[in-house]
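Enquirer: The two chains are supplied separately, each in an independent frame; assemble them into the complex guided by the hints.
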Amino acid sequence: MKIKNIFTYCFISSLFLFSLICIWKILVTLQGIELTNFNFNKLFAFGIVLCVINLLIGKKFNLNIKIILLALLFSIFDYFISVNLPIWHSFGIFLISLFFFNSIKDYDKNFLSKNHSSQKLFFNFLTLFGITLFSFVILFPFYMMLVTSFKTQALLLLNPLDFSINFAQGLPELFKSYFIVFKDYNFGRYMLTSTIVSLGTVVITLIFAIPAAYAVARLNFFGKNFLSTSILIIYLFPAIVLVIPLYTIFSQLGLRNSIEGLLIVYTATTLPVAIYMLQGYFKSIPKELEEAGIIDGQNWLGIIFKIILPLSLPAISSVALYVFMIAWNEFLFSLMFLDRPNTFTLSRAIQFLNVGAETPRQYLMAGSVVVTLPILIIFVYFEKYLVSGLTAGSVKG
Amino acid sequence: MSSKLAKIEKRTAYLLILPSVLLVFSIILFPIFSNIWISFKNVELKDLRIPEPRAKKLVKSINDNPNQIKVIYKLRNSSLTQEITNVKFKDKYPDDIEPISLNNKCQFKSNLLKCELGNWPKKYRENLEIVFQNINNQEISKKELKSYKPKLSGKSQNILLTYEFTLNNFKKVIKDKAFIDLLSTTFYYTFFGTIGAIVFGILAAQMVNQKFFGRTFMRSVLLFPYVAPVVALAYTWELLLDPTSGTLNNLLINYQIIDGPINLLGQKYVTLNILGFDFKLRLALTTVIIFEIWRYFPLAFLFILARLQAVPKELYEAADVDGANPIQKFLNITLPQILAVISILFMIRFIWNFNKFEDIFLLTGGASGTRTLPINVYQQGFSIGDIGMGSAVSIVIVVFLLIFMFIYFKLLGKRADEN
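Going line by line, the protein sequences match chains H and Z. According to our numbering, the first sequence is numbered sequentially starting from 1. According to our numbering, the second sequence is numbered sequentially starting from 1.
Looking at chain Z on its own, in the form it has when it is part of the complex (with noise of 0.2 Å):
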């Protein structure tokens, strides 16, 4: 009895799931592991047309006599670069009406006109021209005769399915003299971006942590930018830091801060001189780390909030009896209780910011200097047009994602493991 309740469950739980592990495998894994085959191939974004014979139907009426007609196909194959093979032509025609001649490629059938076209290589075009009669003399109708279609089909390869690999594009990634600097630019963005939101997610939880007017709606305004929507947000930062009529470096060169305007998000260098050093900041790529920080230290702050809210009063007030200032409180007993929370949170957003894509293409495009991997992706891939080698970076993006989930996943498991 018990066995085939189990069996019952088992077979529900299968049913259940099923929808939503046949989307997730069809939209996501499988997509990761088509990656791996895209960047073992040579495929560029005008390949991904499936080549197509297509055929434009004129219909010209013959000097004078209106019971013949003379019908044109206007015969191409659609990719530049392809060939198709085994081309069968179908065209329907209205009762009573006949073709005068026909070329052998060509029957005519009940009303059928049926053509065996053979094979086009690329690029090619032809016109086919046939004269038809009504068999019982009478006026050939254009109209009609127009309103039927053409109907092509043919043989071509997929260029995605072929066996043909090459190593070309990974030899590219590696290769490529921009690759190092790719990858510094991609770390300096990602570890200070975390770094700066984990920093200002404590500086705001502590400031929340206290009871002051109007709590509730600071902590929803600080998460304003977190909700709204990136598009709109890095607008408003473009027109905001623009250099000509920006709000930013008019305000500054208002009060004389600065004498004329810095272009902070197309300026890729600005040399910095401290204390007799001179140093150089890259500017564009540090605009777009504040962006960043700006953008996501609310979920930081949401994440620390919540563990500092669990965190005993009692403590503290321990604290107060023992004398200790606000800076001991802070290192002795807050630090340490959000510690676990601040190794999750860093390991989260450093793999988030890693990938992240929307922003910078958003605010720079990635011009000066800003250029991260995934922005290379679609570079590469869209810009470009090389599909293959965008998926050989995506490559290199997930082999960075997998080396990082382990790190994670071990984190996970140690901390679990304290509890």
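Isolated chain H (complex conformation) (with noise of 0.2 Å):
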């Protein structure tokens, strides 16, 4: 056993299990809770003790008692010496421990003597300290917010860091915010305008997409290599040097404060990607799929119709989904374009709402969950396509 892996072994366990606590800690502070100290001493030493008896104890009798009892023991112990916390906070400490303890719980005198343990150990831990982390780093600002959107100006104001959840005032009264965002504010009309600007991208886009990226992958014409490198570099040309002349052609052809302009200028700017997914896709289509085709007497648009279409529903659904996600967070073109709120899309209403008089927080945030919800409803249910549309599109961003 070298002591340099029982010095990594102690140290970065305790880290680790101060790190998580860390988290929770701050999750408890934001239920209004006043807790002003870590208590990082006390507990990491704490920490490093009972990582050395879980070293000890090792494998000589059963696992499962043994996590329970060391994940006991720290739970009693933060209880002691932090005062006033209420009972649901020593149980999630609980459930911390014991998930930390369940992941230690193999390693004893043996597995330290190996080569090379203390870099694996660290690996490990730094495997589950980088999920911990990522998660909370990702998630916490959706969960404010959430949070937000259910509080009252007042009480924000009042305990900035209470952003418990009062579920005792009923249902109306907690998405209150909501009914105003949606009763005041319009947003019930600008959800309609994004959904329709959106889903009219995605079906305009397709029908343009489909038969060019046909031709691309499958027919025979002067011109074609340098239409399919201009397509990626047509891509790769960001809105902002687009933003100018479409400004000035549009506003002289009465084309702002449309939706119509909106559509247009959405088609155009997603064709590119939408023709460089599909004709890839195309390609892997056998040809000699086609040639029967052929042979059975159909014509151009009926080979399309009838055997590439059906065949490429996936690449299709990966390129609508991902058109439409494009389209529904889509910021720049509509606020250059939209300046009068009945045609305006949700992105540039909640612009509108934190550039006007000033809004309370919590409608803001409403209105940010408002968009922001549909569209992550859409990608978890069809994550297995729009992660396909997101790697083949990911050139943009």
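If you're looking for bench data, these hints aren't it; they were derived computationally from the structure. Note that this is a predicted model, so its numbers are computed, not measured. You can take every hint at face value.
Lysine-lysine pairs mimicking BS3-like chemistry, simulated, CA-CA at most 30 Å apart:
no. : chain 1 : residue 1 : chain 2 : residue 2
1   : H       : K283      : H       : K306
2   : Z       : K211      : H       : K60
3   : H       : K105      : Z       : K313
4   : Z       : K122      : Z       : K90
5   : H       : K2        : Z       : K211
6   : H       : K224      : Z       : K410
7   : Z       : K7        : H       : K283
8   : H       : K2        : Z       : K329
9   : H       : K306      : Z       : K7
10  : H       : K120      : Z       : K211
11  : Z       : K211      : H       : K105
12  : Z       : K329      : H       : K109
13  : Z       : K149      : Z       : K56
14  : Z       : K56       : Z       : K151
15  : Z       : K56       : Z       : K105
Expert: Below you can see the structure in the form of structure tokens.
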């Protein structure tokens, strides 16, 4: 057994345990409970003691009993060094330490005497730590967005750290911000506009892209190579260099403040990537199928509709979801082209809320939830398709 | 026979791609080229409205005489800057109504009043008054008169279509003292945003590439910042970082980590003391970069994860047999395998971060030292209202973009050669 290994083991395990506890304590603080100290020294030292005990016990008796005992010890210790905390706080500490001791239960003297075991240990904990930290850092803003929308301005100003949700006030009171956002701020209308624009973009893009992608994938014509490289190049041009000319042209043509204008621009900007993604898929469909179709007397249109389309439904769904996401989230063009509230999309409406007179933040966050939730639900539900769309389309962002 | 088929094939192909090509040409390529045109012109936002001759029609009854009526047209040039030439006026009247007298500019024929109003200088205003009577001495209905709207037409110069060019916009862009600052901010933002996103992407991909409980869920969660709308995320961050009522500052103060609130998005510099050396960190810019990394590392993660999953397991098993430690395995097996992906990723992300507008615009609006080139396009074009300047800055972006693309495609070509 190497001293270095024991040292690394104790130090890193205890640090990991402490960081888990920290995250839990931050979440507890955000429930409005007064908690001003992490008790780093005490918890860290006690963590080291417990890790050493864990090591000494090793596999001498039932592992499950071992982890429950250690976790209990740790939570009782935490309960005594911190003051006036509710019992659910300690219960959380118990669950976290249970998880922690479960992940170190297999380490004993034998393991630590192996080669590289300290490095392996380090990376195991780094992974665990990383997963926890990444999830926390990523989910935290989303959590704040949701919770803020359930509060009131007065409560938020009274104690900026109190994000506890009072379920006793009843559902209508809880969802008040949402009622107001939909009723007074007209979000129902904006949501409809966003939906129409996004779905419209998807349909028009597909109508334009499928034939073009088929031609690029299958047919021989002069300028084909040039076309397929220029698709990529065009795709790399950002909206910000298009915005001034499009603004000038659209304002002279009277296309600003119109859904048609948005549809045209969104379709044109998503077309290159749609063609690029679809033609890649079309190329993977065996040519023999089409040749059979030609022998059956189908023309090009028949081939596209009866052979290519049914076979490439997965790719088409990917493109459709990706284009939907881009159109739903788009901000720059909607900011430039829309300045009348009756044509606002959701993104533009939220920006308008923020810029306009002091909008209470719970309304702003309720609006943000309204624009975020649909896209997240779609993402989680159709993850497989959307991820392949993201990978193919990720040259843009 | 075959050449006939080839001809049909060709024709079909052009037919199929034509709509897409036309649309992309008119909405993407044409604007890029018109940027060049506009950037050599002295155009402001207020010049964009095409000058229109306008007339407001007022109908007034004449004292105690119901069969006569006075019509007043309030004429004006809608433009404050441009002249309208050769203005023509047309209005319709009901039957049996005739003007009592007309000036020489106007004619009345078969219920139609036509006038040639000549040239209107900028800000032009004039009233045209005509008295009408009913020839059958019947009462004239005001409502009916009002229901007809006058039609005006005139020619005006569209400032965008003239052949007057100037180099002033580019001179202003280059001579601007802040230009170097603008460039350095843009590159700083782009470079660190890209590197950060890739580093965190590698870390996340390494993590998720191992087997653990809830791995698929973790993969979805990691992509959340990338799929959610930027508006919602930026405003949530803004509330989170707010100096007075923001959660982050209050938490840090609560745990006594900092003494007073820090305005993370509104403070340009913060002086850090590290090992006795003071150095200035661009605070707001750093915060914006962290947001950028937070939002876009999922993409790097996705790419790298896909590549990692394709690395043959035998390589790692062989390394285990050789007794390699985890760091050696990462450096000697994983890294060479993902290096190609990383270089492509770096170029793509670099190009996109270079052009990133929304994130900075929503978080700081370009204040406190976060003004990058794309933000400058917006500020010149729409905040200041100098469309020509905005276009000139766009051209600067396009030039950089073309350089990056050249490097990118060189890289892509080199990689294709290797495979």
